[in-house]
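Undergrad: Those protein sequence lines, which keep their order, are chains A and B. Each residue of the first sequence is one higher than the last, beginning at 1 in this note's numbering. Each residue of the second sequence is one higher than the last, beginning at 1 in this note's numbering.
Treat the hints loosely; a few may be bogus.
Chain B regions said to be covered by chain A (calculated; three or more residues, Cβ under 8 Å) [what the hints assert, rightly or not]:
#1 46-58
#2 218-227
#3 321-334
Cut-off 25 Å, straight-line C-alpha distance, at most; resulting in silico cross-link-like pairs (SDA-like, lysine to any residue) [what the hints assert, rightly or not]:
#4 B:K174 / A:R75
#5 B:K382 / A:G240
#6 A:K170 / B:T367
#7 A:K378 / A:D432
#8 A:K170 / B:L364
#9 A:K378 / A:T450
#10 A:K423 / A:A458
#11 B:K382 / A:S255
#12 A:K494 / A:I261
#13 B:K374 / A:G533
#14 A:K399 / B:F218
#15 B:K247 / B:E357
#16 A:K132 / B:L370
#17 A:K132 / B:Y360
#18 A:K251 / A:L47
#19 A:K428 / A:G93
#20 B:K374 / A:A536
#21 B:K278 / B:D83
#22 A:K251 / B:G306
#23 B:K86 / B:Q388
#24 B:K174 / A:T393
#25 A:K282 / A:P308
#26 A:K49 / B:P393
#27 B:K320 / B:E357
#28 A:K28 / A:R75
#29 A:K114 / B:D24
#30 A:K526 / A:D152
#31 A:K114 / B:L25
#32 B:K374 / A:D538
#33 B:K278 / B:D138
If we take Cβ atoms under 10 Å as the criterion, some of the chain B residues that face chain A in the derived model are [as the list claims (entries may be wrong)]:
#34 T157
#35 N307
#36 K308
#37 Y360
#38 R362
These are calculated hints, taken from the structure and not from any lab test. Positions of the beta carbon are idealized from the N, C-alpha and C atoms, including for glycine.
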Amino acid sequence: MNQYDAIVIGAGHNGLTNGAYLAKAGLKVAVLERNPYIGGATVSRELHKGWYYSNCSYVSSLLRPEITRDLELPRHGLQVVPFGGGATFMRNGDYFGNYSDHDRHYREIARHSKRDANAYDRYSADTSLQTKLIRPYLLRTPPDPTSLKPRDLRDLLEFARSFMALGEEKLLDTIKFWTASVGDYLNEYFETDVIKAHMAGSGIIGTALGVYSPGTAYVLLHHYMGDVDGNVGAWGFARGGMGAIANSLSKALQSFGGEIICDANVDEIMVRGGRVTGVALKDGTEYRAPIVVSNLDPKRTFLDITNPSDLPKDVLKKARNFKIRGSSGKLNIALDGLPVFNGLDPRSRLMAGDLHFSDSLERQERAYDDWKAGTWSKDPYLDMMIPSLTDPTMAPPGKHMMSVFVQYAPPKIEGREWTDEDKDGFEKSVIDQISNYSPNFRDLILHCETRTPREIEAEVGLTEGNIFMGELTFDQLLFNRPFPGYAQYRGPIKGMYLCSSGTHPGGGVMAAPGANAAREILADLKRPNTVPGGYADD
Amino acid sequence: MSDFNREARLLTTPFHSRVAAMCDLNDWGNWMGYTTPNAYFDVELEYFSVRSTTGVFDLSPMNKYRVTGPDAERYLNRLITRDVTKIGVNRVGYAIWCDDNGQVIDDGTIFRLGEEDYRICSYQRADDWLAWNTLGFDVSIENESDAVAGLAVQGPTSCTVLTLLGCTDLNQLKPFGIAHYTFEGRPLMVSRTGFTGDLGYEVWVPPESAEALWDQLFELGRDYLIKPIGSHALELARIEAGFLQAKVDFMPAEEIVRVGRSRSPFELGLSWLVDFSKPLFNGRAALLKEQANGSRYRFAMLDVEGNKPAEHSFILKGDKQVGTVTSAAWCPTAKANIAYAQIEMPHGAVGDELVAEIYYQRELHWTRLLAPCKVIDAPIFKSPKRWQTPAPPH
Chain A
1 MNQYDAIVIG
11 AGHNGLTNGA
21 YLAKAGLKVA
31 VLERNPYIGG
41 ATVSRELHKG
51 WYYSNCSYVS
61 SLLRPEITRD
71 LELPRHGLQV
81 VPFGGGATFM
91 RNGDYFGNYS
101 DHDRHYREIA
111 RHSKRDANAY
121 DRYSADTSLQ
131 TKLIRPYLLR
141 TPPDPTSLKP
151 RDLRDLLEFA
161 RSFMALGEEK
171 LLDTIKFWTA
181 SVGDYLNEYF
191 ETDVIKAHMA
201 GSGIIGTALG
211 VYSPGTAYVL
221 LHHYMGDVDG
231 NVGAWGFARG
241 GMGAIANSLS
251 KALQSFGGEI
261 ICDANVDEIM
271 VRGGRVTGVA
281 LKDGTEYRAP
291 IVVSNLDPKR
301 TFLDITNPSD
311 LPKDVLKKAR
321 NFKIRGSSGK
331 LNIALDGLPV
341 FNGLDPRSRL
351 MAGDLHFSDS
361 LERQERAYDD
371 WKAGTWSKDP
381 YLDMMIPSLT
391 DPTMAPPGKH
401 MMSVFVQYAP
411 PKIEGREWTD
421 EDKDGFEKSV
431 IDQISNYSPN
441 FRDLILHCET
451 RTPREIEAEV
461 GLTEGNIFMG
471 ELTFDQLLFN
481 RPFPGYAQYR
491 GPIKGMYLCS
501 SGTHPGGGVM
511 AAPGANAARE
521 ILADLKRPNT
531 VPGGYADD
Chain B
1 MSDFNREARL
11 LTTPFHSRVA
21 AMCDLNDWGN
31 WMGYTTPNAY
41 FDVELEYFSV
51 RSTTGVFDLS
61 PMNKYRVTGP
71 DAERYLNRLI
81 TRDVTKIGVN
91 RVGYAIWCDD
101 NGQVIDDGTI
111 FRLGEEDYRI
121 CSYQRADDWL
131 AWNTLGFDVS
141 IENESDAVAG
151 LAVQGPTSCT
161 VLTLLGCTDL
171 NQLKPFGIAH
181 YTFEGRPLMV
191 SRTGFTGDLG
201 YEVWVPPESA
211 EALWDQLFEL
221 GRDYLIKPIG
231 SHALELARIE
241 AGFLQAKVDF
251 MPAEEIVRVG
261 RSRSPFELGL
271 SWLVDFSKPL
281 FNGRAALLKE
291 QANGSRYRFA
301 MLDVEGNKPA
311 EHSFILKGDK
321 QVGTVTSAAW
331 CPTAKANIAY
341 AQIEMPHGAV
351 GDELVAEIYY
361 QRELHWTRLL
371 APCKVIDAPI
381 FKSPKRWQTP
391 APPH
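Okay, chain B solo, but in the shape it has when bound:
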C-alpha cells in the first residue's frame, strides 16, 4: 500500500452530494476546476426537460464578483461596452468586456443589486482584469464565487415550481428582473435569466442553503417533472437558443498567444452590445476604427441542409475556404441543423449561400459531405414563453 498524500484535483460544488446521488451515468467533467456532470441519465431527455418541463443545472462554478462603492456604476461603464446606467436596480444585463484593442475578453451578466452595488457573473476568472480597471475609481471588488451557490431552473414549468418553493408572485417578474426571497432563514435571490432561451430562472443562495434548496426543489417539482441536467444537455439548448460560449465560439482576448485569433464584438455578432454614445470604455477607440474600416470576420448562424451536425467544419464559398464552424448541433426542438461559424468578410451576410464541409464517421468509416447551408438572421429556437409576463404555468 502506498502512503502518499492524496489531494483531490477537482473541487466540488455546494450541491455535489445531491448532484452525485442523481448522476446515474457517473459521467463527470471538469468545469473551472470543479467536478460537474456531463450527463445525469440521458442527454436527450435532460435536454427535453428544459424544453418541456423543468431542468436544473448547477452553475455554482460560475465566477461571481461583487462591485460596490460610489463609483461602481462609472467603473462598470468603463469596463463593459454597453451603457450600464440603463440597467436599473434589481435588473440584469447581458454584457461583454473588451481589451484596449476592442477584442472580447469575456461575456457575462451584470446584476444590479443596489444603486452602488453590482454583481458580475462571468464564465472566465476576472480578478486580475477587474483589479487593474479599478485605478482611479472609488470602488471595491470582492470575489464571491465561493460565497454564492447557484442553480439554473429552466423550462416551461419552472415558474410554477419556484412559486411552490415560496417565490411569491414570481410569475410577475419580467425577463432580466431580480426578486429577493428568504429560504430557511437565509436570503434567496431569483433572476429571470438563463442560457436556454426559454422561460427560466437562476436561483442564488449561500452555500449553506444549497442542499436544502436542491432537496426541496426536487420534492416540490416532482409533479412538474423536474429533472437535473448536465453540461451536454445545456450545450444543445444554448446552441439552439443562439448563445455564444467563451472558449468555444471565441477565445478570451487575454489568453491569446497567436496574433489575430481574438475577436471583436462586431465579429461575434454582438454589435448591439456596443454603445458609442456613452463615456469612454475599454476598446472604444479600436472599435470605432473597426466600425469605420470594417471587420475581418463575421459571425454567422447557418441553417445546414441534411441532418449531420457540421461540427468543426470548414465553410466554403465555391472552392474557397472562407470560414470555420465553432459550434454545431442538430437542434431537437427546432428540428434544424444549426452551426455557428466565423466567416471571412465580405462573406456570411444574411441569406448568403455557403457550403459546410462535414466529416462524419460510421463504423470506423469516414465520409466527407458537402452540405449547402444558408446564413440565417436569428436563432432558430424562439420560445414566446421566454418573454411572457406573467409567466405561463407550463
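So that you can see chain A by itself, here it is in the shape it has in the complex:
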C-alpha cells in the first residue's frame, strides 16, 4: 500500500511541480508535507477573518511561463495579475515613483536628475543583456564543467559560445557584473541617492549581504529576469494569494494521479545497499519508493533527514559549509483602510507597487551593519506591498492587506536564539519606520503577524529562514548549486534527488528546480521526458 514509484518530500511549489511531472510521466507519486496544509513558502492563509496572508513569498514573476502553460495552471485556478507602480518615500517628504510607461518614468527620474533619467536607458540595456544571458538556462540542467559526458561538453560549449559572442568589452562587463556589488553597479549609471536606493533593493532582498557586498549585482538580476506575459522584469500577484500557485500545482499533480499526504513529517530517508528505499516519518509510518526527491533545502536534506553514515564525507562537509544565512523577516498586516503616505496622493497608481523607505545606499548599508552586529536593523529596508489594491479577494472591500518584507533580521540575536521580546522589538522597528512616513498607518492596524527567521524556520522549514534556500552568490549558482558535483539534481545515494530552490536556478517561486529535477529523474528511468523546454528569449 505505501509503495510508490517516487516520493517527494515537501509540498512547496518545487515539490509539487516535480511530483506533477513525474506523475505526468506515469509514475505513482506521493508528495509528503509535514504541515497540515500545502504550499511551503508559497502559501496563503486566512490568519485574520476576511484577510488572506501570503505570509512568505508575496509576489510572482519568476514562475516559468512554460510550466504554467504546460501544466495548464490557469485551468487549475491560477491567475497571475501584474501590478504597476512602486515608490521610495524620502525623508524630505518627497518620493521617487516607478512608472511602467517609459516616458512617464523618464519624467519622474528627471524630476530628480535629468542625467539619471537619460542614463536609465543605458542601465536598462546593460541589465537586459545580462537577463538575456541567464534566462535560457533557467529551464535547463547546469552543465558539469568537470564532466566529459557529451551532454555536458555540448552544453558547456554552448554556454561558452553565448559568452564569447558578446565580444571583449561586454564579456568583461559581464564578468564584472556577476561579481560586483549592486551599489558599485548602480554608481556607474546614477548620481541620485534615492534612485540608486530604489533599484538597489532588488540586489539585497533575501540575501545576507549589503548593497556594497560583491555578488549583489547578480541578486538584482535574479529579481529582474522573470516576466509576466513576456514583460521581463514585471511582477504580479497570484489572485487569491501565492497559495493559488501551490493549489493549482496540486490540482495539476492530482489530475495526473499524484497524491499529496499532509501531516507527514519525514524523519529519515531510508537507504539499503547504497540505494534509497523510501522514507520513515517521525510517527513511524513508512513509505517505500525507489526514488526519493527532497524539496528541503540542502542543509536539512543532508544534515537532518539523511543518516550521515549513508553519505560521503565531502557531502556532509559541503552541506555544513553551504551558505544559507537568514537575513529577513516579514510582517503581514490587516488594515482597516488605506494608509496615506507623505507627499503621495493615496489614489496614485504608484501605491499598487512595491513601496520602500530607504532613500540612500548609505541607509541600506547601515541596515546591514546591524545584521553583522547580530541584531535586526534599527532602520530596516522594507519591501512593502498592498496586494488588496490589485486583488479584491485578499481583504474585505475598502480594507487592505499589507505585506512587509523586512531586511535585515539575523538568524540569531548576538549568537543566541530569538526571544519574544526580540520579536516585539523587531516588529516595532518596522512599524515605527512606516509610521514616520504615514501618519494614519498605526491607527489602521487590525492584526499583525510578525515572522522573524525563528518563525520562518520553525513553520516553513527554511533553514535560518533564508527565503532562497541558500545564498544566490556566484559560489552557489549554476554548477555550484547547491555545491559542485551535485548540481544536476542527483544526490550522492542512488535514487536520491534534489528539487528545492537550493538547486539551480535558485529561489523565488520559479518552479524551475522542480521541473529540471523531474527531467533528470525521467532520463535516469529512461522514460519519455514530460518537462517542456524554455521559450526562446529574443
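Position chain B relative to chain A; hints supplied.
TA: Quick look at chain B alone, frame taken from chain A:
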C-alpha cells in the same frame, strides 16, 4: 494667424469629458468616427481589471437600431440567421446577418425589449440594409445610436459595483438577461452581455445620464478596484474569450470589392447561429447549398507553440500555404499563444497540426519563425463566473 473654419473630424461620446480626464496616456483612436481611447494608463493593467476586478469600456459608438411594430419579430427572423422567436422578452441574443449569397454582413446583439420591440446593436452601420429589408413588413426602424449611451462594465466585481449603483438583485440576472432600473430619474437598462468572456454587464442610459453614471460608478467602484479600459485591452480580452471582430476576422459582405473575400457563417465557425428549420431568411438558399457542397474555408482557433504572437502569419501545412491569421495574441490569463485563422478546406479540423510562419522584429532585426500549432475546439479562456447565477461577488 490663420482664420479658417476648423471643424472637428471626430465626434466625442457622451462620456468624453470623463474618459478624457482619466486618459493618462492621451492615446486616442478613431472608432466609427468617434474619439475613443486606445489605452488609458497601461494596456496590461487595464486588461487585468476585466479579469480580476472591474473594467469599464465606453461602447457608445456602437450602432443601435430600434425595431418596432406588429411585424418586428417576423422582420428580424427574415433578417438574421437564427430563430428570433426563441429570444424572449428581456433577453438578448447574439446574431449574424447575411446577404442573399449567404455571406456575413455583420454580427451583433438583438435585445428583445417587448413583444413587438427590439433593439439591434451592431458594430457596423446598418441603416441602408435594415431599410431595404422592411419591404413587405409592418415595422419601423429608428436609428437611436445617439440616443443611447453605453458602458460595458465587465469583470469579477462588476455585479457588486452595479448593485451598489442601485441595480437591485442584479446577481439574479441570468446571462443574456435584461433588467430595467431608474438612475437619477431616467431609465437605466442593464444586460448581462459583453465582449470579454467573463462575468460582465452592459449598461445603457440616455446621454444626459452619462456623466453622472460614470462618476457614480467610479466612486462606488473604488473599493472594488474599478478601472477604465481602452480598445487595446478589450482586444486582448475578446481574442482570449473567442469573439470575432468585424473588419478584423471577416469583412462585411456589403463592403467587399474583390470576389471571394467575404465569408459565410460556416466559414467563420458560426454554424450554430444558422437555423434552417425556421422560415425564410436572407441567405438561406445559398447556405443550404454550401452545407451540401462544402465550404471554401474553415475558421480555426490555433494554440501556437512558443510565446511570439502569430500576428498576420501565413499558416502552412507542410510546405503549402493553407491559410492566414486574422487575430492573434499572447493571452495573459490563459497563458497561451492563440491565433484565429482562415484555413482552406479540407485543412484546419480540430486537432489538425499546422505551422504558423511568424515574423517578429527586435532592434530592427527581423526573424522568421516556424511555430507548430494545433487547432483547438474551444476558446482557451473559460470563466465559470460568466455563466453562474447568482453571480459571484468577486
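Undergrad: Confirm or reject each hint.
TA: Comparing the hints with the structure gives:
no.: 1; hint: 46-58; result: holds (count 4)
no.: 2; hint: 218-227; result: holds (count 3)
no.: 3; hint: 321-334; result: holds (count 4)
no.: 4; hint: B:K174 / A:R75; result: holds, 24 Å
no.: 5; hint: B:K382 / A:G240; result: holds, 18 Å
no.: 6; hint: A:K170 / B:T367; result: holds, 24 Å
no.: 7; hint: A:K378 / A:D432; result: holds, 10 Å
no.: 8; hint: A:K170 / B:L364; result: holds, 21 Å
no.: 9; hint: A:K378 / A:T450; result: holds, 16 Å
no.: 10; hint: A:K423 / A:A458; result: holds, 14 Å
no.: 11; hint: B:K382 / A:S255; result: holds, 18 Å
no.: 12; hint: A:K494 / A:I261; result: holds, 24 Å
no.: 13; hint: B:K374 / A:G533; result: holds, 18 Å
no.: 14; hint: A:K399 / B:F218; result: holds, 17 Å
no.: 15; hint: B:K247 / B:E357; result: holds, 22 Å
no.: 16; hint: A:K132 / B:L370; result: holds, 22 Å
no.: 17; hint: A:K132 / B:Y360; result: holds, 17 Å
no.: 18; hint: A:K251 / A:L47; result: holds, 23 Å
no.: 19; hint: A:K428 / A:G93; result: holds, 22 Å
no.: 20; hint: B:K374 / A:A536; result: holds, 19 Å
no.: 21; hint: B:K278 / B:D83; result: holds, 6 Å
no.: 22; hint: A:K251 / B:G306; result: holds, 24 Å
no.: 23; hint: B:K86 / B:Q388; result: holds, 21 Å
no.: 24; hint: B:K174 / A:T393; result: holds, 23 Å
no.: 25; hint: A:K282 / A:P308; result: holds, 17 Å
no.: 26; hint: A:K49 / B:P393; result: holds, 17 Å
no.: 27; hint: B:K320 / B:E357; result: holds, 11 Å
no.: 28; hint: A:K28 / A:R75; result: holds, 23 Å
no.: 29; hint: A:K114 / B:D24; result: holds, 22 Å
no.: 30; hint: A:K526 / A:D152; result: holds, 18 Å
no.: 31; hint: A:K114 / B:L25; result: holds, 22 Å
no.: 32; hint: B:K374 / A:D538; result: holds, 23 Å
no.: 33; hint: B:K278 / B:D138; result: holds, 20 Å
no.: 34; hint: T157; result: holds, 5 Å
no.: 35; hint: N307; result: holds, 5 Å
no.: 36; hint: K308; result: holds, 8 Å
no.: 37; hint: Y360; result: holds, 9 Å
no.: 38; hint: R362; result: holds, 6 Å
When the structure is compared with the earlier hints, no violation turns up for any of them.
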